[in-house]
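Undergrad: Single-letter residue listing:
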Amino acid sequence: MSARLSNLFAALVFLSMIAALGAVFLYVPTERTMGLVQRIFYFHVPAAISAFLAFFIVFVASIQYLRTQEMKWDRLALSAAELGVLFGLIVLITGPIWARPIWGVYWRWEPRLTSMLILFSMYVAYLMVRSYGTSSARTPRLASVLGILAFVNVPLVYYSVNLWAAEQQLHPQKIALEPPMKYTLYICYAAFLLFFLFLLQRRLELEKTADALTDLQQQLSDD
Amino acid sequence: MESTFSYLFAGYAAIWILFFAYLLRLRRREKDLRQELELLRDQVAKKQ
Amino acid sequence: MSFFSRTLAILRKDLLAEWRTKERLSPMVFFVLLTLLVFNFSFELGGAALHEIGPGVLWSAFVFASLLGLNRSFVDERENGCLDGLLLAPGDRSAVYMGKMLGNLLFLLAVELISLPFFTLFFNLSPGPFLLPLLGLFLLGSASLASVGTLFAAMSSNMRLRELLLPLLLLPMVMPALISCVEATALVLKGDELARIAPYLQILTVFVVVFTTLSLLLFEHVIEE
Numbered sequence: 001m002s003a004r005l006s007n008l009f010a011a012l013v014f015l016s017m018i019a020a021l022g023a024v025f026l027y028v029p030t031e032r033t034m035g036l037v038q039r040i041f042y043f044h045v046p047a048a049i050s051a052f053l054a055f056f057i058v059f060v061a062s063i064q065y066l067r068t069q070e071m072k073w074d075r076l077a078l079s080a081a082e083l084g085v086l087f088g089l090i091v092l093i094t095g096p097i098w099a100r101p102i103w104g105v106y107w108r109w110e111p112r113l114t115s116m117l118i119l120f121s122m123y124v125a126y127l128m129v130r131s132y133g134t135s136s137a138r139t140p141r142l143a144s145v146l147g148i149l150a151f152v153n154v155p156l157v158y159y160s161v162n163l164w165a166a167e168q169q170l171h172p173q174k175i176a177l178e179p180p181m182k183y184t185l186y187i188c189y190a191a192f193l194l195f196f197l198f199l200l201q202r203r204l205e206l207e208k209t210a211d212a213l214t215d216l217q218q219q220l221s222d223d
Numbered sequence: 001m002e003s004t005f006s007y008l009f010a011g012y013a014a015i016w017i018l019f020f021a022y023l024l025r026l027r028r029r030e031k032d033l034r035q036e037l038e039l040l041r042d043q044v045a046k047k048q
Numbered sequence: 001m002s003f004f005s006r007t008l009a010i011l012r013k014d015l016l017a018e019w020r021t022k023e024r025l026s027p028m029v030f031f032v033l034l035t036l037l038v039f040n041f042s043f044e045l046g047g048a049a050l051h052e053i054g055p056g057v058l059w060s061a062f063v064f065a066s067l068l069g070l071n072r073s074f075v076d077e078r079e080n081g082c083l084d085g086l087l088l089a090p091g092d093r094s095a096v097y098m099g100k101m102l103g104n105l106l107f108l109l110a111v112e113l114i115s116l117p118f119f120t121l122f123f124n125l126s127p128g129p130f131l132l133p134l135l136g137l138f139l140l141g142s143a144s145l146a147s148v149g150t151l152f153a154a155m156s157s158n159m160r161l162r163e164l165l166l167p168l169l170l171l172p173m174v175m176p177a178l179i180s181c182v183e184a185t186a187l188v189l190k191g192d193e194l195a196r197i198a199p200y201l202q203i204l205t206v207f208v209v210v211f212t213t214l215s216l217l218l219f220e221h222v223i224e225e
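Residue numbers (my numbering), protein chains in the order written: chain U, 1 to 223; chain C, 1 to 48; chain Z, 1 to 225.
Bound conformation, chain U alone:
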């Protein structure tokens, strides 16, 4: 990506975030039952969606890597996995912060948070496989296998946790959305998507450079 284009993109990302924050703090009215803290919702939910998008990308990239053996897919899988963990962490931190004044406790074994915790663990394990792999040739293949299994597991995780949580106490999480809230949420979705793509692109560039560097070093040492 040319420098001019990437600066333009960065500016766009920045502006969209400003717009999102403006909508969240200045535009949308305070929700009746939960008060001010409910505004976390507008970032909490897009973060969750972003995490899912990331996990899906890991899935597709992993399949493609196993099919084509092209490193670009492996770089994509790794970058997306990191972002998935990052956004998942945001969900897992903002969730309890939101919960504390509302439910009185930081954590409840509530289906969405619990499922996200399990997903988060799977992709943290993915990143660990990356770090603890011994060979640069095999690790991408192992990670790809994990990337496929983890995503296939997602519906199973949600289904089983929802079944289980029905046995426990369940706090309803459906918030009725009036138009200003809907628009704010959509703006935040857009801002998060752009930010996600921005981070992904930068992470990919970094990994590409790192790979090129390693190749160069190997060439030099071969001479």
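Derived from the structure by calculation, the hints contain no laboratory data.
Hints may contain errors.
What follows is a set of in silico ranges between Cβ atoms, one per label pair, in the way DEER data are often shown [as the list claims (entries may be wrong)]:
1) W103(U) - L121(Z): 36 to 46 Å
2) Q219(U) - R12(Z): 44 to 54 Å
3) A13(C) - L213(U): 34 to 44 Å
4) L213(U) - E52(Z): 51 to 61 Å
5) F4(Z) - W103(U): 51 to 61 Å
6) F20(C) - S26(Z): 46 to 56 Å
7) V60(U) - D76(Z): 29 to 39 Å
8) L131(Z) - N162(U): 24 to 34 Å
9) P117(Z) - T214(U): 54 to 64 Å
10) Q48(C) - L197(U): 50 to 60 Å
Calculated pairs, EDC-like style, for lysine to aspartate or glutamate (alpha carbon to alpha carbon, straight line, at most 16 Å) [said to hold, decoys possible]:
11) K208(U) - D42(C)
12) K208(U) - D32(C)
13) K13(Z) - D76(Z)
A virtual CB, placed ideally from N, CA and C, is assigned to each residue, including glycine.
Dock chains C and Z against chain U, hints included.
TA: Okay, now just chains C and Z, sitting in the frame of chain U:
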């Protein structure tokens, strides 16, 4: 209802801290890579 | 050799080796018993508490024991160079997975069956009415653990910190199966609402089928040198 503002603040602070931490990490690694690239260029130049 | 006969050959080899040395089964059983003991002192496992915590304790013990057993299923092969031999033999690599997976499954089942009398003994249960559904759950649960566990054991056997990595890989992945086993076991032990275990059985069956199939397909990527 007593103000839940401090929680709101904590929530958004956490989000931005995480974002910036990740961005800083990216920048640091980019810098390290660039340094290594320079070292490599010097090595290549010396060889020739 | 066909896939089927290769699978059986590997299974037979593992079972014979175990029969001679009993080096996997004994520690696993002992581990389960010790875990039950530890849990007994951590919680008060008598009476009403049993139905709430018992199934969780039981399946936690099984999962931890499975980690011990799974680790061994590939480490020995690697250390003795057998793995290369197995892989060099002509034919389908995935038969190695299937054979190992069935071996792990049988070992787990054996451990569970041996532990069950102790569980009922320590916690004053009468197994009679729910023995059959319980055995069915043991089978499905063990199959779930063995399906991904075997794949992950192969994966981690070639990495640093393999004993640490295997639980980190297995535990999150196996959560849907674990949740289902625990909840279904609780329902079975209660005895009155057996129809309610149906959705959990669904999850377990889907888990076993999906992950065994995926592991079969993806095994060659994991085991390649």
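Undergrad: With reference to the structure, classify each hint as holding or not holding.
TA: Comparing the hints with the structure gives:
no.: 1; hint: W103(U) - L121(Z): 36 to 46 Å; result: holds (41 Å)
no.: 2; hint: Q219(U) - R12(Z): 44 to 54 Å; result: holds (49 Å)
no.: 3; hint: A13(C) - L213(U): 34 to 44 Å; result: holds (36 Å)
no.: 4; hint: L213(U) - E52(Z): 51 to 61 Å; result: holds (56 Å)
no.: 5; hint: F4(Z) - W103(U): 51 to 61 Å; result: holds (55 Å)
no.: 6; hint: F20(C) - S26(Z): 46 to 56 Å; result: holds (53 Å)
no.: 7; hint: V60(U) - D76(Z): 29 to 39 Å; result: holds (36 Å)
no.: 8; hint: L131(Z) - N162(U): 24 to 34 Å; result: holds (30 Å)
no.: 9; hint: P117(Z) - T214(U): 54 to 64 Å; result: holds (57 Å)
no.: 10; hint: Q48(C) - L197(U): 50 to 60 Å; result: violated (41 Å)
no.: 11; hint: K208(U) - D42(C); result: violated (21 Å)
no.: 12; hint: K208(U) - D32(C); result: holds (14 Å)
no.: 13; hint: K13(Z) - D76(Z); result: holds (13 Å)
This entry does not satisfy hints 10, 11, going by the numbered hints stated previously.
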